[in-house]
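**Student:** Note that the protein sequences, when read in sequence, are chains F and Z. Numbers 1 to 136, taken from my numbering, label the letters of the first sequence in order. Numbers 1 to 136, taken from my numbering, label the letters of the second sequence in order.
Don't read these hints as lab results, they were simulated from the structure. There may be inaccurate statements among the hints.
Stated by the list, open to error - Now the stretches of chain F that chain Z is said to cover, found in silico as 3 or more residues with beta-carbon under 8 Å: (1) 62–69; (2) 84–98.
As the list claims (entries may be wrong) - Ranges of calculated distance between the beta carbons of each label pair, as one might list FRET restraints: (3) Z:SER29 / F:SER51: 40 to 50 Å; (4) F:THR92 / Z:THR25: 34 to 44 Å; (5) F:ASP94 / Z:SER88: 36 to 46 Å; (6) F:ASP94 / Z:GLU43: 16 to 26 Å; (7) F:THR73 / Z:VAL56: 35 to 45 Å; (8) Z:GLN115 / F:GLU43: 37 to 47 Å; (9) F:GLU34 / Z:GLU43: 23 to 33 Å; (10) F:VAL95 / Z:SER51: 42 to 52 Å; (11) F:THR75 / Z:ARG16: 37 to 47 Å; (12) F:ARG16 / Z:GLY53: 38 to 48 Å.
What the hints assert, rightly or not - Simulated crosslink set (DSBU-like; lysine-lysine; CA at most 30 Å straight-line): (13) Z:LYS40 / Z:LYS82; (14) F:LYS40 / Z:LYS54; (15) Z:LYS11 / F:LYS98; (16) Z:LYS66 / F:LYS82; (17) F:LYS104 / Z:LYS104; (18) F:LYS104 / F:LYS66.
Ideal Cβ placement from N, Cα and C applies to all residues, glycine included.
2 protein chains.
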Amino acid sequence: QSTKPMKETNKTPVVRDVMGEKVITVDESAGIIEAAGLMKQNERNHVSVLSNGKLVGIITSWDISKAVADGNTDTVNACMTKNVITCSPDETIDVVAKRLTEFKISAIPVIDSNQNVIGMLTSEHISKLFTRGKHE
Amino acid sequence: QSTKPMKETNKTPVVRDVMGEKVITVDESAGIIEAAGLMKQNERNHVSVLSNGKLVGIITSWDISKAVADGNTDTVNACMTKNVITCSPDETIDVVAKRLTEFKISAIPVIDSNQNVIGMLTSEHISKLFTRGKHE
Ligand SMILES: C[S@@+](CC[C@H](N)C(=O)[O-])C[C@H]1O[C@@H](n2cnc3c(N)ncnc32)[C@H](O)[C@@H]1O
Numbered sequence: 001q002s003t004k005p006m007k008e009t010n011k012t013p014v015v016r017d018v019m020g021e022k023v024i025t026v027d028e029s030a031g032i033i034e035a036a037g038l039m040k041q042n043e044r045n046h047v048s049v050l051s052n053g054k055l056v057g058i059i060t061s062w063d064i065s066k067a068v069a070d071g072n073t074d075t076v077n078a079c080m081t082k083n084v085i086t087c088s089p090d091e092t093i094d095v096v097a098k099r100l101t102e103f104k105i106s107a108i109p110v111i112d113s114n115q116n117v118i119g120m121l122t123s124e125h126i127s128k129l130f131t132r133g134k135h136e
Numbered sequence: 001q002s003t004k005p006m007k008e009t010n011k012t013p014v015v016r017d018v019m020g021e022k023v024i025t026v027d028e029s030a031g032i033i034e035a036a037g038l039m040k041q042n043e044r045n046h047v048s049v050l051s052n053g054k055l056v057g058i059i060t061s062w063d064i065s066k067a068v069a070d071g072n073t074d075t076v077n078a079c080m081t082k083n084v085i086t087c088s089p090d091e092t093i094d095v096v097a098k099r100l101t102e103f104k105i106s107a108i109p110v111i112d113s114n115q116n117v118i119g120m121l122t123s124e125h126i127s128k129l130f131t132r133g134k135h136e
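Bound-form chain F, shown alone:
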């Protein structure tokens, strides 16, 4: 999950330049143990949920932890968030960072004009940017 170097300009970077490009997905009919396994294997906190190839939800390690608290060991569909907040690859990071803050989320799937998931942008990617944004 590499982050491409920031363009050497003073412009705010766009999502495409910062996002993780390896998309991890699970079908909505899968069990949460399968989703948990994908998170473990890929060291991710967030997995996009698809139905017939289209984005229908997002499931996070927090959702799985919540299922543990509630004593559920249900399907992905029962634990995921269905109204997924998304962004486009061409939006600027400051705009999307504001969206993450507003909705109190730590990751946002990146979708292209055909509604396909092409990446995931997390607050960790944005935080990484902060290590150099003010100093280069």
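Assemble the complex: chain F is given as a structure, and chain Z with the ligand must be docked to it using the hints.
**Tutor:** Below, chain Z with the ligand alone, put in the same frame as chain F:
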């Protein structure tokens, strides 16, 4: 969990000004269902683990999800990370953002000179900063 306004200077902010000050803790002997309940209740992904009041680990929703993947429903002690990466309240955000990136973690307990946990800094706090850092 409010973030104090950034000082109106061009200096990089320090951890103290950005961290969450409500510290959520669990004893290392607790079960993971209790830890998961704390995460749910407080809408957190990270809980500091104490033994006799001292920091001995960190447990995250990712660790709970991992326990689900592994079929464990064990104690906090068995699932937590024991070598906790920490920071001081007086370090600057860019330095600590670099530490998060280096260790691939999304949160870091803030400890004072007596080794007491006084806050938690997450990549979400840093990401929030990005929405205004370049524009004020
Ligand atoms: C390697 S990360 C992978 C997932 C994701 N990158 C994240 O930051 O949550 C997950 C592991 O990091 C550990 N961890 C999180 N914060 C930590 C910290 N401040 N010090 C040590 N380990 C930490 C967690 O206990 C968990 O086992």
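**Student:** Output the numbers, in ascending order, of every earlier hint that fails for this structure.
**Tutor:** Hints 5, 7 and 8 contradicted; others consistent.
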